[in-house]
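Read off the chains here:
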Amino acid sequence: MRSLVRTNEFTLAVIAALGFAALAVATDFNLLTAGTLDAFLRFLALPIVIGLAQMVVLAVGQMNLSVGVLTGFCAVASGWLMIDAGLPAPVAVLAALALGATVGLVNGLLVIFTRINGFIVTLATMTILEGLRYGVNGTGTYQGYSPGLREFGQASLAGVPVVFLLAVAIAVAVALFFRRTVPGRHLLASGGNPFAARLSGISNDRALVLAHTLSGLLAGFAAVIVVAAFGSVNASIGDDLLLPSFAAPIIGGVALAGGMISVTGTVLAAFLVRLVDVSQSQFDINRRWVDLIIGAVVLGAVLLGQFRDKLSGGQR
Amino acid sequence: TKKSDTTDTEAGGREPAQVKVALVPGGSHPYFQPWKDAGAAAKSELSLGDVTFNETAGWDQTKQNDVLKSLAAQGYNAFGVFGVSPDNINSTFEDLKRQGFAVGSLASCPAGANKADFCLSTDVEVAAYKGAKAAIDAMGGQGNLVHLTGNKVDSNTQRRIKGVEKAVAETGGKVVLVQSVTDIDKDLQSAQKAVADLLAAKGRQIQAIVNTAYNPAVASAEGVRQSKLPIKVIAIDDDPAVLDGLRGGSVAATVLQNPVGQARVGSYALMKLSGGCTISEPGVTIDSGSFVVTRDNLDGYEADRTATTEALRKKFDGDLLKCN
Amino acid sequence: MSIVLSAENLVKTFPGVRALDEATLTLTAGSVHALLGENGAGKSTLIKILTGVYRPDGGLLRLPGPDGELRTVQLGNPQDAQRAGIGVVHQERNLIPTFTVAENICLQHLPRRAGLLDRAALRVEARRCLDLLDLDLDPDLPVSRLSVAQMQLVEIAKALSADSTVLLLDEPTASLTNDEADRLYGIVRRLSERGHATVLVSHKLEEVFAVADTVTVLRDGRSVAEAEPLADHTREQIVDLMVGRAYQQVHLAERTVDADTEPALALDHVATTAGHHDVSLVVRPGEIVGLYGLVGAGRSELAKALLGLDRITAGEVRVHGRPARIRDVGDALHRHRIGYVTENRKEEGLFLDQTVARNTAVTVWRKLARLGLVRDRAERSLVDEYADRLGIRLASPDQHAGQLSGGNQQKVSLAKWLAADCDVLIIDEPTVGIDVRTKAAFHELIAGLAARGMAILLISSDLPEMVTLADRIAVMREFAIVGELDNDHDYDRMSQSVIRFIHDGQGVVA
Amino acid sequence: MKTETAPAAPPAAEARPPTRVLPVWANPRLGLLIVVAALVVLFSSLTPAFLDPRLTLAPLQADISVYVVVGLAQLAVLSLGHMNMAVGRMAALSTFAMGLVYDRLGVPLLVGLLVGLAVGAGIGALAGLLIAKTGVNSFVVTLALDFGLLGLVTILYTWATGGVSFAVQPSGLSALRFDTFADYCMGDVCGPRIPLVVPIAVAAALGVGLLFRHARLGREILMTGSNTVAAELSGIPTHRRIVAAHAVSGLLAALAGFLLAANNGAFSANIGESFLLPSFLAPVLGGTLLAGGAVSVLGTALGATLTQVIYKGLNLLQFSLEELKLYIGLVLLAALSLDRLRAVIAERRAVSTS
Ligand SMILES: Nc1ncnc2c1ncn2[C@@H]1O[C@H](COP(=O)(O)OP(=O)(O)OP(=O)(O)O)[C@@H](O)[C@H]1O
Ligand SMILES: Nc1ncnc2c1ncn2[C@@H]1O[C@H](COP(=O)(O)OP(=O)(O)OP(=O)(O)O)[C@@H](O)[C@H]1O
Ligand SMILES: [Mg+2]
Ligand SMILES: [Mg+2]
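Residue numbers (our numbering), protein chains in the order written: chain R, 1 to 316; chain H, 1 to 324; chain S, 1 to 510; chain F, 1 to 354.
Hints listed in this document are in silico derivations from the structure and should not be mistaken for laboratory results. Keep in mind that this is a model prediction, so the values were computed, not measured. Keep in mind that a hint or two might mislead.
What the hints assert, rightly or not - In the DMTMM-like style, the derived pairs of lysine to aspartate or glutamate whose C-alpha atoms are separated by at most 25 Å in a straight line are:
(1) LYS152/H with ASP28/R
(2) LYS314/H with ASP137/H
(3) LYS202/H with ASP277/R
(4) LYS36/H with ASP50/H
(5) LYS228/H with GLU125/H
(6) LYS228/H with ASP28/R
(7) LYS186/H with ASP188/F
(8) LYS202/H with ASP38/R
(9) LYS228/H with ASP277/R
(10) LYS304/S with ASP488/S
(11) LYS228/H with GLU151/R
(12) LYS97/H with ASP137/H
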């Protein structure tokens, strides 16, 4: 119990719960009305998945700067498949996932074959993907595609948006992968101490490729969420996802150096950021002040975590 | 000792075939897409040396400056520019004019005095006013209105806000501007999120939304349609997505601007200036026109626009350009 | 007896260094084979070739096939070695800090069921390996929470988990207590009775003679004795082989300490946030005071508290008679001229990715700098001087510290504190992983420092070393000093008294 | 007094063969230089306009100058293994300060620059202080700071100018912007066509080079980056070194902001908006690791040059937006892979011949 209280996840959960309660009270419980809650959770799905997409590469001590743009590219490409190529929605969805995973695979292969820093490789592929994303439909917007897919995006189960459930399911799957599967453990081992992992017969190269591929696949899932839930896509999708993709896992307690992940932390951090977002529209706060507030909240959260560490450290 | 500035030259004396026009938007945006065809048309119509369209600036003033320098290095000598940053673009204009190029500010005017030869642009305040008027009409003259727009720290956005406020003020309190949401035009997803949050927080109190930026327009049309709330959406421009909304009913009206006219008349004026004409009133600002389109006049608006474009050209020939 | 592994004429070159130069090792079933050599002789390199970490530049590796015939093999990676039945404990710690004990032990072959990790099986298997070592550790504990010694034991458990026929142990006892080491050697003997072969690398020759039956000696990457029975050699002969030169006595500098001299460092009933209480100790100029205790007794922590890394909550610290409040190491070094040579050179002592020159000069840049700029010449000559004095084997002062062999790294870690020219030096476990010749050299050096008036607080778990060097020995147990003895340099008597203090936990402060 | 039975102390370490020096062509910096040179040749053969001194080369040098300093600003904290996610916004805040003093106090160019540098160093030091005191990851602290400054800078500009830009043009700014040394003559001898901002960037690079190569401060920062615990235990005041490195980063960010303001001709809120990725790109291309402990100033300069040359060349070739992006990425990957290949071959040769 004590050890649970000391975790970063616990701090985040407390802050998130307090923040949510405070906002609910401050909005005269408007936050808890079906419509508001629905919008809250629907737009939480994307930051969760994109945060996880970044987290899986952070796990091996790499970064993927292309997650955001890749999400946009997959989304626009599936729009193209449905509208310009006239293919049915399931094909477009599968294609988005496959495309994401393939680009991730290419990222991983480039990293291991060129031995260039993953940061630079993904920066380069991000630029390439920007071109491709624009190349699909220029500045045009796809909308009015598959009603079934959009209905799926709008659907709710017991008042909870299906896309949010999808994001949670993905988070559970990712957690399970890292916790319970052998490739997942190998991946983390490789991130925690590559040399030791190699001495234990784990292929670091395979771990790198796997992490990047998974990251791409998750970006593909993010694209599916975008296409389904938001009803229209164009080449600007993904531009504002890069920083949130880092913010969620890192605030959530994931180490940049690799070897340590936290799915719960990532989800909670995404929740926190979304909370600030929503309070902005509820109270009509100037966006610039929101930026200031997000900055303060993030710093506050980590400082609190630090304070907690100090406290528990002192008890030793 | 410093050498005298011998590099400063005046535009002039170029035959049309020597005039190479560069149309440079601030970045990729549906609004500018008509420039491409209009520029090509101007080239053949006016027998210009060349007309190019370069949208690689990516909404970054530094990059746009770079693009302009590269174009100059390739021999382009007349520039129609949408300045990324209205507050900074004047120094770029001065830079280009120092090198003896004709420069027109297209689709947006610099903040403060215009240092380009002329500015041919939608009067954004008027356009926003018209949009707000259309919204007030659509909501039946009373209720709550929301304004969605782009980058707050941009003088054009400030003018748009002013235009909307003016229209609201004229209702004498019957219409209330509940909120002006800014900074949501950077990408579609932020616009979608902002619209969803807005509708969740205040959807039931709102009767109309007026958009003065593209991504919010697309997002609010779709968002309102999905929420099934009885909110009238006033969009901007005539991108296929907006026209579809107009036909489908999710958009009540849209405010069109005149990018074609800007590119064609702009190229024409740049050619004339390069050929030795001068502008009678340096830095003059000309409204390129804005039009409210509803489902009823969907078919006729193109003719209005062509007429306006023709009138613009006449205006240049008549009293703006001094040629000898 | 059947040969289970044969390495012939192995050659391995690193940029600028020939680590192995035709080294040969032959291993027979059921033997415990000592692999000896000075620091940097190439022992670890050889082990890494046998486990597929490095590929040799030349030479042959032969292992018995299913029919028992020796066959030339290529070990491309560590997995190949595992499959060939070779288990290993490397000299460096190679655990995944965020993983549990159980996972680290079974990392090479994580058990799965229905595609998922089988945590129950994992725990059972880990328990089995821990039991082999009589180790009572929770398999679900993250490794990052273990002490250095416990980590070492986990590594050994990991090597045992593979059920290997060949076990390679590179300095397995460097951070173990004698009891733990004895337990390990018990297992090694049991394994060899069952026909397993073990290679043991150690600088503790007493252990080697107690456990091993055959020996290979490496000198400068070349084998100078190949699989000879250890019984044929005396300790002195082995050392001669390693060093390549006739055996000589070493003289420790003569010292006399006047008990009236003002102590250079005095602790008066000190308590710390780390948990120490009532610690009193004096060290006079020219004196070596030993601080003995079992691993975890709190000796290193005391040193760190003195340096300001933990707070002192009660009592007084005096330096040259004046009460001192030391805020950090910079303070200790520059204001009070106290230095601390850490026991943990990899994490706390060295900058592995920096040059040896920088590693050595880091404490004296203040002195070497003019107008804030460090003079490279001065730095260079300083490094040359200490490389010379300590016999550090360098390809060049611009070599990274991480490329040095363990013993040479230890020397660099000491060199920077010698360069700093302190009055008081706290030296923590100076000779862990150090070869005999260097160890003697270290002893001579430390005695020499004291003879020139330095006050030395020597922390060591190596009792013979203590008895050799110290003037007085203070014994620490559970963060308190439980006794202090004048050293009469008689090992048996001293060890008995010390052990009594430790076990009884009480003693009179002499 | 006592005698130990052990062999003689070692004599001086036996002479070992000296480290084989890698061949000149294997130097990583040289590899970048070759890649840059090859690209210059390629681009000038594809479009002669690439060699236009006034319209291409002079602006190119000015751009490189800005991004070298941007790269150095990031390099200053990469030396610690830290990151500065707020480089851009630190530049924005500093240029705001410069604009404010030029506008309100009418101070000379140099004074305003110094004020801005001080503000940059101050905000950098604040970041460093937060990181050192709390031990929180630099990424998180500077990211949060970036958000905070993003809000602050626009709020400040709205307050001070009502817009996003100062209209003021301190004297000398336009010379920095337009002039090259060719505009200054002694009799008939004029200088080379190098923009006036270039020496500023060169001075910054030399300064940072000196700092990390020879100065005690810089070396201690590197040691802190290499192993903080060991640095602490070697008597280095690591907290102060962390603060110092971040202050240097902020100072250089401010300088980069000034250079960009000079190039753009205005002190405005969007200065620094596009600094973040290039700030990492230049040092990392130049061989500086994200792990800390080692930096390459020359490499950073070459990295910045490489990216700007690619950008300029492709710009001149008039690609459409999608082609431009595509080729920037591909050229970058190709250039890096070539460089890698060269390094790998060099390593192989060195090992096999020694
Ligand atoms: N990765 C490496 N790169 C460069 N040189 C190396 C590397 N590993 C080892 N060496 C060099 O090879 C030689 C042999 O080193 P090795 O670690 O095998 O010695 P050792 O016998 O294990 O010494 P010790 O007893 O100190 O552990 C040393 O000179 C060392 O500096
Ligand atoms: N009773 C204990 N419970 C948990 N941790 C302990 C305990 N005693 C010591 N430790 C930890 O074990 C580690 C070893 O302590 P320390 O280094 O001070 O001991 P030492 O006497 O110097 O032993 P050595 O240096 O030989 O390991 C420290 O990290 C300390 O916090
Ligand atoms: Mg070794
Ligand atoms: Mg200790």
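So, going through the hints one by one against the coordinates:
The hinted pair formed by LYS152/H and ASP28/R fails the criterion: a straight-line CA distance of about 29 Å is larger than 25 Å. For the suggested pair LYS314/H and ASP137/H, the alpha carbons sit about 33 Å apart, so the restraint of at most 25 Å is broken. Proposed proximity of LYS202/H and ASP277/R is supported: the alpha carbons are some 15 Å apart, at most 25 Å. Restraint check for LYS36/H and ASP50/H: the C-alpha separation of about 12 Å stays at or below 25 Å, so the hint holds.
With a C-alpha separation of about 31 Å, the suggested pairing of LYS228/H with GLU125/H is violated against the 25 Å cut-off. A C-alpha spacing of about 24 Å is found between LYS228/H and ASP28/R, which places the hinted pair at or below 25 Å, so the restraint holds. Simply put, LYS186/H and ASP188/F have alpha-carbon atoms about 52 Å apart, too far for the 25 Å limit, and the pair is violated. For the suggested pair LYS202/H and ASP38/R, the alpha carbons sit about 14 Å apart, so the restraint of at most 25 Å is met.
As the CA atoms of LYS228/H and ASP277/R are separated by approximately 23 Å, the hinted pair is consistent with the 25 Å bound. A threshold of 25 Å between alpha carbons decides the hint, and for LYS304/S with ASP488/S the separation of about 29 Å lies outside it, so the pair is violated. For the hint linking LYS228/H to GLU151/R, the alpha-carbon distance of about 13 Å falls within 25 Å, and the restraint holds. At roughly 45 Å between alpha-carbon atoms, LYS97/H and ASP137/H are farther apart than 25 Å, so this suggested pair is violated.
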